[in-house]
Amino acid sequence: MVHRQFAALGDPTRLAIVERLARGPTSAGDLAAPTSLSLPAVLKHVRVLEEAGLVTTLKRGRVRECRLRDDALVAVATWTAQQQALWSTRLDALGTLLEDT
Amino acid sequence: MTTAPLLSFDLDRTYPAPPERVWAAWTRADLLERWACPDPDWCVSTCEVDAREGGGYRLLFGPRPAGDAYSETATFAVFEPVERLVLDVLTAGEDMAERSRCTVLLLPVEGGTRLELTVEGLSDAQAAEGMRTGWQWCLEGIAEHLGAAA
Chain B
1 MVHRQFAALG
11 DPTRLAIVER
21 LARGPTSAGD
31 LAAPTSLSLP
41 AVLKHVRVLE
51 EAGLVTTLKR
61 GRVRECRLRD
71 DALVAVATWT
81 AQQQALWSTR
91 LDALGTLLED
101 T
Chain F
102 MTTAPLLSFD
112 LDRTYPAPPE
122 RVWAAWTRAD
132 LLERWACPDP
142 DWCVSTCEVD
152 AREGGGYRLL
162 FGPRPAGDAY
172 SETATFAVFE
182 PVERLVLDVL
192 TAGEDMAERS
202 RCTVLLLPVE
212 GGTRLELTVE
222 GLSDAQAAEG
232 MRTGWQWCLE
242 GIAEHLGAAA
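Protein chains in written order, with this note's numbering: chain B, 1 to 101; chain F, 102 to 251.
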């Protein structure tokens with residue numbers, strides 16, 4: 001799953017959208033306003049973020065509200081913690097090897 | 102507030118061995134297989150190294166006895182003997198496939214070698230450099246948001 005989040009965030013436009021949503025929920029139209037992107041283009045990016053589990057959207061009348069999920073980066077943080085544990089153990093094992101040989 | 106880096110981390114160790122020996126431990130299959138999978142219940146079943154820039158290593162490891170549930174394939178993006186090794190790593194198993202970039206620096210110090218390791222998560226190797234700056238400001242913004250919400 002986390003590779004999908006990395007992939008979704010590996011795009012400057014989508015990073016900018018996440019940055020904007022980190023300050024609070026907003027409509028898709030407001031996301032498009034400060035950019036040169038059309039509303040359909042923004043919605044396409046939002047959909048990618050939604051499929052990656054980073055963003056939720058809710059249709060309120062004629063407006064689609066976009067919101068950063070509270071747990072958006074939990075999987076990303078978990079991945080990092082696991083990698084850190086793996087490499088820390090490895091480097092200790094490397095130390096043992098270097099002492100033994 | 103301080104912002105914990107979610108997508109990268111640094112580790113360092115100082116070993117009582119010259120850089121040449123630490124370098125060999127990363128780039129010789131018979132040495133790499135001895136430390137790459139430290140879990141006593143797991144083992145390495147395959148370890149191959151192509152020790153040159155553009156080469157890499159391939160590991161199969163997992164729970165005993167098969168030891169092949171996971172594969173780790175690394176490409177040596179930078180290969181500067183006994184100083185710097187940059188690896189683009191793909192770790193894959195039945196239920197996952199994750200990419201990361203590892204940078205290994207070996208610094209001669211009194212009585213041994215200081216190893217500095219940086220690991221970054223990334224969507225693909227080519228995007229890594231361009232993404233780093235964006236990631237930093239993006240995550241700082243999110244961390245601020247989370248801090249304010251907490």
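Mixed in with the good hints there might be a few duds.
[To be verified] Quick list of the computed label-pair ranges, beta carbon to beta carbon:
no., chain 1, residue 1, chain 2, residue 2, range
1, B, R90, F, R165, 35 to 41 angstroms
2, B, R47, F, W143, 35 to 41 angstroms
3, B, G29, F, P164, 35 to 41 angstroms
4, B, P25, F, W143, 41 to 47 angstroms
5, F, P141, B, D70, 34 to 40 angstroms
No wet-lab data here; the hints were simulated from the structure.
Each residue gets a CB set at the ideal place from its N, CA and C atoms; glycine is no exception.
Evaluation of the provided hints:
Range check, B:R90 to F:R165: about 18 angstroms between beta-carbon atoms, so the 35 to 41 angstroms window is missed. For the pair B:R47 and F:W143, the supplied restraint of 35 to 41 angstroms holds, since their beta-carbon distance comes to about 39 angstroms. The given range of 35 to 41 angstroms is broken by B:G29 and F:P164, whose C-beta atoms sit roughly 52 angstroms from each other. The beta-carbon spacing between B:P25 and F:W143, approximately 44 angstroms, falls within the hinted interval of 41 to 47 angstroms.
Between F:P141 and B:D70 the Cβ separation comes to about 38 angstroms, which falls inside the hinted range of 34 to 40 angstroms.
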